[in-house]
Amino acid sequence: MDRYTTHCGPVSSDAQQNPQDKNKLDLPPSIQPGPRVMKVQVGHPVELPCVARGDPEPSVTWTKDGAPHPAGAAADGSLVLSAVGLGDEGSYACLASNVAGTAEARVQLLVQDIKDYIVVLWILVLVLILVLILVLVLVLILVQVCLLMPPVVEVLEPPFNSPLQERVANQRIAFPCPATGLPKPVIRWLRNGEELTGVEPGVSILEDGTLLLLSSVSPLDNGEYSCTAANDAGSTQKKYQLKVNGDVTVLLAASVLLTQTCPYVDVHTGQRSNVFSVLLRGQFRIAARVKKVPGLIPNVRKMPNPYLVLPRSSFMT
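Quick note: the sequence shown uses our numbering, first residue 153, plus one each step.
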């Protein structure tokens, strides 16, 4: 409120008539500078200052947006509003005047609704939450970058440092896969591209997958064995090539030749056949087919001959 206007006028008649005041000059009003903008919340009181000086003492009046304010000035010249409403917002002017002139100062009153504060507060809270989420994401990314380690299979001692593993038939063999990483990797085993679960006959796998055990190997177990260790940071693989030296022994009926046919032999469940056996060597699989014979009671099985020599994918019933 440092803006003011001074008006000059003639010396008052009282001064002319008073011999003691004939040398005294009238001083036009001046208003002490104050705030140009004031903010107040709805419902709160506010006091707009107007400290005016002059000789003679000036009178003070207030206007709002160019119209006289009904409240009027207090004894010290200020304008007091006891409970501010949204309608009280505007431009206020303090006018001080005496016989020597006038002075004016203006102040802008801004009334803030509590709803505005709530909106601003919510915006600040949301911004803070977003900042915290961003910081948390950055921390997680840094933790993953700094702490994640891709799987690594440790260097093995002989003989497992070589991919080729040779064994004699009926021996047991264990394939190690000591994989480490962060987080702990999951290990899967494959045999010739097919996954092993540890429930296959003669196959067992440690719970953490670091060891594959074959209890009794044969040439039928030849092939590639590989372990794959994987976690969120990556994956790695170790391969073994198993070669088993030796034969597979099976029993075939003595009266059955690969080029010879023979009549059906009736074999009832729980009974043994009277056909003699002979020891042959080689990689064989024997398949039997069940044929229903009219007039025979159930559980009677007819075994056709000659026996069929089939590849490894077949099975014996």
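Hints were generated in silico from the structure; no laboratory data involved. No experiment lies behind these values; they were computed from the predicted model shown. A virtual CB, placed ideally from N, CA and C, is assigned to each residue, including glycine. Be aware that a few hints might be false.
[Stated by the list, open to error] Below 25 angstroms or equal to it, Euclidean Cα-Cα: the simulated BS3-like pairs (lysine-lysine) are:
#	residue 1	residue 2
1	K336	K390
2	K336	K267
3	K191	K216
4	K191	K267
[Stated by the list, open to error] Computed Cβ-Cβ distance ranges for the label pairs, DEER-style:
#	residue 1	residue 2	range
5	L308	L334	52 to 62 angstroms
6	L334	D268	49 to 59 angstroms
7	E309	V279	29 to 39 angstroms
8	G224	Q260	18 to 28 angstroms
9	V295	D268	18 to 28 angstroms
10	S314	I293	17 to 27 angstroms
11	G345	I293	35 to 45 angstroms
12	P208	D265	25 to 35 angstroms
13	I266	R205	15 to 25 angstroms
14	Q323	Q296	19 to 29 angstroms
15	I293	S367	22 to 32 angstroms
Against the structure, the hints:
Note on K336 and K390: the hinted pairing holds, with a Cα-Cα distance of about 17 angstroms set against a maximum of 25 angstroms. The suggested pairing of K336 with K267 is violated, with an alpha-carbon distance near 53 angstroms, which exceeds 25 angstroms. Restraint check for K191 and K216: satisfied, since their Cα atoms lie roughly 16 angstroms apart, inside the 25 angstroms limit. With a C-alpha separation of about 15 angstroms, the suggested pairing of K191 with K267 holds against the 25 angstroms cut-off.
In this structure the supplied range 52 to 62 angstroms is violated for L308 paired with L334, their Cβ-Cβ distance being about 21 angstroms. L334 and D268 have their C-beta atoms about 51 angstroms apart, which keeps the hinted 49 to 59 angstroms range intact. The hinted range of 29 to 39 angstroms is not satisfied by E309 and V279, whose Cβ atoms lie roughly 59 angstroms apart. One distance hint, 18 to 28 angstroms for the beta-carbon pair G224 and Q260, holds here, with the actual separation near 20 angstroms.
In this structure the hint that V295 and D268 lie 18 to 28 angstroms apart at CB is violated, the actual value being about 40 angstroms. Taking 17 to 27 angstroms as the suggested C-beta distance range, the pair S314 and I293 does not conform, at roughly 41 angstroms. A beta carbon spacing of about 36 angstroms between G345 and I293 agrees with the range 35 to 45 angstroms that was offered as a hint. Distance hint check: the CB atoms of P208 and D265 are about 43 angstroms apart, inconsistent with the given range 25 to 35 angstroms.
Here the CB-CB span from I266 to R205 is close to 38 angstroms, at odds with the stated 15 to 25 angstroms. A hinted range of 19 to 29 angstroms is violated for the C-beta pair Q323 and Q296, which are about 45 angstroms apart. Hint check: I293 to S367, Cβ distance near 47 angstroms, so the stated range 22 to 32 angstroms is violated.
Violated hints for the displayed structure, listed by number in ascending order: 2, 5, 7, 9, 10, 12, 13, 14, 15.
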